[in-house]
Structures are given as C-alpha cells and as structure tokens.
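Construct the entire structure; sequences and hints are all you get.
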Amino acid sequence: MNQAAGKKAVSGEQLRASLEKGGILLVFALLFLLFSVLSAKFCTTANIFNIFKQVSHIAILAIGMTFVFLYGGMDLSAGANIFLGAVCVAAMLEEGLPVWAAVAVAVGLCTAMGLLNGIIIEKLGINCVIVTLGSQLLIRGLALHIIAEYRQWIYVKNPAVLYLNTGTVLGMPVLLLLTAALYAVAYLVLSRSAFGRRVYAVGGNERAAHLCGLNTSRIKMLCYMISGLCAGVAGIVIASRLGMVNTTVGIGMEFDAVTAVVLGGCAVKGGEGNVLKTFVGALIVGMIANFMTLSGVNEHFQDAVLGGFILLAAVFNRFTLGKND
Amino acid sequence: MKTHSKWMDGLVYRLDVITVLALAALLAVFFSCVNPRFLSVHNFYNMLQLNAALIIVSVGMTFVVMSGNMDLSSGSVIVLSASVMGVVYRATGNIGLAMAACLAVAVLIGVLNGFLISHLKINAVIITLSCMVWARGLALGITDAKSIVVSSPVLQAIYSPFAFGFFNLSLVIVVLCLLGGWFLMTKTRFGRYVKALGENEHATQLAGIDTRRVKWALFALAGFLVGIASLIDLARLGSAVVTIGNGMELNAIVAVVIGGNRLSGGKGSFGKTVAGLLFMCILTNGLSTLGVTDDKTYLIKGGIILGALVIQMLSNRFRLYYLRHANE
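Line order of the protein sequences matches chains A and B. Counting from 1, position 19 in the first sequence corresponds to residue 19 in this note's numbering; the numbering is continuous, with no gaps. Counting from 1, position 212 in the second sequence corresponds to residue 537 in this note's numbering; the numbering is continuous, with no gaps.
Be aware that one or more of the hints could be misleading.
As a list, the in silico DSSO-like pairs of lysine-lysine whose alpha-carbon atoms are at most 27 angstroms apart [unchecked claim]:
#, chain 1, residue 1, chain 2, residue 2
1, A, K53, A, K157
2, B, K592, A, K123
3, B, K331, B, K592
4, A, K41, A, K53
5, A, K123, A, K269
6, A, K269, B, K446
7, A, K269, B, K592
8, B, K512, B, K592
9, B, K592, B, K446
Pulled from the structure, derived: some chain B residues nowhere near chain A, Cβ distances all over 10 angstroms [to be verified]:
#, residue
10, S357
11, V458
12, L463
13, F491
14, V497
15, S613
16, T618
17, Y646
Hints are computed from structural coordinates only; laboratory data are not their basis. Every residue gets a Cβ at the ideal spot worked out from N, C-alpha and C, and that includes glycine.
Encoded structure:
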C-alpha cells in the first residue's frame with residue numbers, strides 16, 4: 001500500500017519535472033497546431049517569417065528582462081527605454097550622423113538608463129518595482145523631449161537601418177539572424193561564463209552568494225545595464241521595422257517582454273530560468289498576436305488576452321517550478 | 326558616552342514624516358513662486374477634490390503594502406469598473422444597478438487576485454501586473470476606447486455642496502475612508518494580523534492565524550476601495566473616460582512609500598500615508614497648474630519621484646544610524 005503511494009508520488013514528481021523541462025515547448029506545439037487548423041493563412045512560410053520579424057524586438061527586449069528576472073528583479077522601464085532607443089537612433093540619423101555613431105549613441109544612452117536604475121536600486125536599496133515605475137516616467141519624458149524637436153514624428157530613411165527589416169541572407173530575414181545571434185550570445189554568457197553562473201547564484205540565494213565573496217551589487221547593476229542595452233538594440237530594430245518613430249512606440253512593451261519571460265518559466269524570485277525558453281515564450285506571444293490579428297480580433301481585446309496569458313503562465317509555473325514562487 | 330536630548334530623539338524618530346513634509350513644503354513654495362494663486366484655500370480645496378480617488382486608493386494600498394505585498398492593478402481596475410458602470414448604465418439606464426456593477430467588478434477582481442496570491446501562493450507583483458494588462462485591455466475593448474456619458478442626479482449629488490457652501494458628499498466619503506482605514510488598522514484584530522503578516526508571514530502562520538484568509542480579505546478590501554474611488558472619479562468627470570485612473574497605481578504606491586511606510590511590510594502608519602498623500606497631491610496638482618507640455622511633465626514628475634525616494638532613503642539611513650548610536 002505504502003509502496004504504491006510512494007510510486008504515485010514519484011510519478012507525480014516526474015510529471016512535474018518533465019513539465020518544467022518541456023512544458024513550454026508542448027504549449028508552443030499545441031498552440032501552433034491549433035492556430036494552423038483554425039486559420040489557413042497561419043501556417044505558411046511567409047507568415048512564419050512574418051511572426052519572427054514581428055516578434056524580434058520583444059524577443060530582444062526579453063533577453064535583458066531574463067537577466068533581470070534571473071537575479072530576482074523586475075524592469076518595468078524597458079518599454080520606455082525601447083522608445084528612447086528608437087527616438088535616439090532616428091534623431092541622430094536625422095542630424096546626419098553616420099549609422100555606427102547613431103547606433104552607438106542610442107545603445108549607449110539606453111545602457112546608461114539601465115545603469116541609473118541599477119545604481120538607485122542597488123546602492124540605495126530601494127525596491128526595483130517602484131524605482132523602475134518612476135524611472136519609466138523620466139525616460140519617457142526624455143524621449144518625448146527629443147521627439148518634440150522633430151514635431152513628434154521622425155521618418156527613418158537610412159538604407160542601412162531599413163536593411164535590418166527588409167534584407168535577407170540565404171533566404172532568411174536578417175532580423176531573424178540577428179535575434180538568433182543575440183540569443184546565442186546570451187545563452188553562452190549565462191551557461192558558460194563565470195558572470196552567468198554568478199547571476200544564477202545571486203538569484204538562488206543572495207546571502208549565500210555574498211558570503212561566497214561575490215560582489216552581488218555589481219552583478220545586479222550589470223543585469224540592469226544589460227536590460228538597458230537590449231532595450232537600445234530593440235529600439236533600433238523597431239525603428240527599422242516601422243520605418244518611422246512616433247510618440248506611441250514602446251507603450252506596454254515591457255509587459256510583452258515580461259510575458260515572454262514568465263512563459264519561458266523564469267521564477268519571479270530569481271535563480272531559475274533559461275534564456276532559450278524565453279525565446280519560445282516570445283514566439284508564443286508573437287504567435288498569439290499574429291493569430292488574433294489574422295482573425296480580426298479588436299486590438300484592445302488582444303491586450304486583455306495577453307494579460308490573461310501572463311496570469312496563466314504564472315499559475316502554470318506555480319505548479320511546475322520546483323520551489324514556491 | 327554621548328547624551329541626547331529627548332526632543333532630538335523624538336525629532337529623529339519622526340524623521341521620515343518630517344522629510345516628506347519638508348519636501349512637500351519645498352514643492353509648494355516652488356509652485357507658488359511660479360503661480361501665486363497656488364497657495365490659496367480655494368486651490369487646496371480643489372486639490373482635495375481632484376485627488377479624492379487617489380486618497381481612497383491609497384487607504385487600500387496602505388493595507389496591501391503593510392502586509393508586504395504590492396498592488397499594481399488599481400489604475401486598470403478603476404478604468405474597468407468605470408467602463409462596466411458606463412456600459413450597464415447605457416444599456417439599462419438604471420443608476421443603482423450601474424453603481425452596484427461598478428463596485429461588484431472591483432471587489433470581484435480584488436477577490437480573484439487575493440485568491441491567486443494567498444491560496445496559490447503566486448507572487449503579488451506578477452499577479453497584479455497581469456491584472457493591470459488584462460483589465461485595461463478589457464475596459465478599452467468593451468467601450469471600444471470611447472467615453473460613455475453617465476449623467477444622473479445621484480452622481481451629481483456627490484459633488485454638489487450641502488453645507489457651508491463647499492462641504493459635499495465626496496469629502497465625507499474621503500474622510501470616512503481614511504478614518505475607517507485608520508480604525509481598522511490600529512484598533513482591530515484584522516489590522517494587527519495585516520501588520521504581523523508583513524513583519525513575518527511564517528511566524529504569523531505558526532501563531533495560529535489563518536494568513537491566507539487575512540491576505541484574501543485585505544485584497545478584497547483594497548478592491549472595494551478601488552471601486553469607490555472609481556465611482557467618485559466617474560462622478561467628477563461625468564463620464565467613463567478611457568484615461569480615468571491612468572498612473573493611479575504609481576501615484577498610490579509612491580504616496581504610501583514616500584511617507585515612510587516600509588515597502589517590505591510590517592512597519593508604518595496612516596499618518597505616514599497622509600503625509601505622503603500631501604506630497605503626491607501637491608506634485609500632481611502643481612504640475613497641472615504649471616501648464617507645461619507632456620514631455621516636461623513626465624520628466625519633472627519622474628525626476629521628483631526618484632529624487633524624493635532617494636532623499637527619503639538617505640534620511641532613513643541616517644535615522645537608523647542615529648537611533649542605533651543613541652542607545653549606546
């Protein structure tokens with residue numbers, strides 16, 4: 001009797017563990033099948049490449065968010081920061097700077113904003129949610145201030161930046177290759193480098209990591225800088241995708257990134273998660289948005305469904321992740 | 326051994342409230358330099374009226390923060406319950422039913438969030454963040470992002486004075502919410518449990534208290550207060566506007582925290598919330614009287630909030646340092 005109960009418990013634990021490992025892929029496959037059956041236009045090569053392109057800025061933003069989540073934090077200023085990156089690159093090109101300089105200024109400024117978040121959160125010990133909610137206003141204000149100089153609307157005419165969106169290499173969209181390359185780097189950093197292991201260590205048990213001699217506050221500040229850097233790159237991507245920048249860019253994008261990260265199984269308390277699963281999470285976000293647009297769902301209800309997905313993902317993680325979240 | 330006078334100790338002990346009051350005074354001086362009419366009884370009265378919803382939401386937020394949680398959904402719940410009220414009123418023309426629907430939506434969302442947080446033990450930030458997204462999406466979806474006019478004598482009565490030429494129902498509701506919240510927090514068992522929860526959840530549970538029920542109840546209470554705030558704001562605007570409640574969650578959390586209530590829970594008081602509210606009300610009201618463009622409003626507001634948080638944190642460090650050494 002006891003043995004049978006023990007066996008059952010083990011298989012329950014195994015089910016949990018396998019769901020934790022592959023649950024997100026299962027969800028992805030099921031949704032893909034469902035959408036393909038429901039819509040004839042969904043499962044075509046053109047549309048799949050389209051999804052990859054549509055989701056690229058969210059996927060890149062989600063890389064930074066993954067770093068922040070892994071140490072146990074949250075960055076709600078990412079949406080404003082992507083806007084700053086897009087405005088900056090478009091404005092610098094409009095001023096006649098060469099592409100590399102415009103890109104460097106945009107990414108540099110966004111990284112500096114990430115550093116600002118990190119300093120306030122770490123050096124002064126203020127909760128990350130409230131700091132990034134506040135700095136979001138500051139960053140959006142700064143970007144709005146810049147774009148106001150150009151009558152709230154900047155066209156991106158530079159061929160090199162536009163090539164990001166339209167170009168293909170060996171039949172693959174450049175954006176897809178760029179996203180894949182960034183994910184490969186992030187994966188190698190997190191799984192193979194000392195810094196990556198330290199991020200996991202701080203997220204798993206900050207006090208223990210500190211006692212082991214890690215400079216935990218520097219690691220956390222670096223995570224925020226990476227989040228800012230990714231927001232800058234994502235800003236350039238979205239400027240290229242839209243071909244223009246106006247004041248509505250970036251609104252609510254932090255939620256898309258958080259959805260991707262939570263869908264990917266990152267623990268909100270930190271220490272657990274895998275950046276490649278974040279990519280699958282971002283693809284799911286893109287697939288749902290694409291399917292809803294194809295079937296003509298009102299854009300506001302799309303937001304509602306997205307919010308529902310964060311909720312479902314959090315509940316799913318609650319039952320599959322090893323520790324209570 | 327150093328000697329410290331008693332009043333100095335008392336002063337430093339209350340340094341968090343003093344800091345935020347000083348910051349509020351500084352802001353008031355700045356705004357009255359720009360606009361001389363800022364420091365007038367009339368404007369102060371206006372400020373109270375415009376921020377009635379913020380004050381009521383902050384009462385609920387004080388409970389949530391005191392228990393060591395955070396509620397990012399209040400702004401979105403305000404717009405959703407106001408939209409539901411508008412839709413119900415447009416469909417039936419029955420104001421009583423519409424008001425009931427508004428309150429019911431807010432309470433139900435509070436109960437749902439509370440259930441997910443207390444019984445499924447999911448992080449409050451992620452639950453209320455998702456609620457922030459889906460509630461706003463739903464609100465814009467059911468109204469198609471258009472305002473719905475709700476004009477009824479019942480709602481107009483909230484803002485029409487019935488005594489001394491200025492005293493109206495909205496002020497009564499605000500005062501009742503503040504007093505009720507204060508009473509609940511300091512004089513009842515529930516308030517003590519909330520504080521205990523914020524101080525140490527595990528110990529509270531070991532002491533034989535059903536922490537899940539307390540958590541659930543406090544999110545339902547916060548939801549109810551958000552519902553009232555939504556009613557009051559709708560009555561002020563006369564229609565269910567889609568921008569109603571924008572940024573409310575940030576304003577309420579900052580009001581609670583800037584006054585010196587500890588964000589990780591357990592420590593704080595309603596006096597601190599009121600001091601923080603004074604700061605936030607002066608900031609939002611003053612910014613709107615400045616008449617500057619959107620970008621500058623964002624910049625100034627973000628800068629001042631971050632700066633005030635930093636100053637408050639530094640003064641708190643000094644306070645702890647002083648109090649530790651005062652006893653040596």
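A quick look at each hint next to the structure:
1. A:K53 to A:K157: At roughly 19 angstroms apart (the allowed maximum being 27 angstroms), A:K157 and A:K53 satisfy the hint.
2. B:K592 to A:K123: Given that 27 angstroms is the threshold and the Cα spacing comes to 22 angstroms, the pair holds.
3. B:K331 to B:K592: holds (23 angstroms)
4. A:K41 to A:K53: holds (17 angstroms)
5. A:K123 to A:K269: Judged against 27 angstroms, a Cα distance of about 20 angstroms means the pair holds.
6. A:K269 to B:K446: Distance of about 12 angstroms is within 27 angstroms: holds.
7. A:K269 to B:K592: holds (23 angstroms)
8. B:K512 to B:K592: holds (16 angstroms)
9. B:K592 to B:K446: It holds: about 22 angstroms lies between the C-alpha atoms, which stays within 27 angstroms.
10. S357: holds (23 angstroms)
11. V458: Not fine: 3 angstroms to the nearest Cβ puts B:V458 too close to chain A.
12. L463: Since the minimum Cβ distance to chain A is about 4 angstroms, B:L463 lies within 10 angstroms and the statement is violated.
13. F491: holds (33 angstroms)
14. V497: Non-interface label stands for B:V497: nearest chain A Cβ at 32 angstroms, farther than 10 angstroms.
15. S613: Its Cβ never comes within 10 angstroms of chain A, the nearest being 15 angstroms, so this holds.
16. T618: violated (7 angstroms)
17. Y646: holds (14 angstroms)
Comparing the model with each numbered hint stated earlier shows that hints 11, 12, 16 do not hold.
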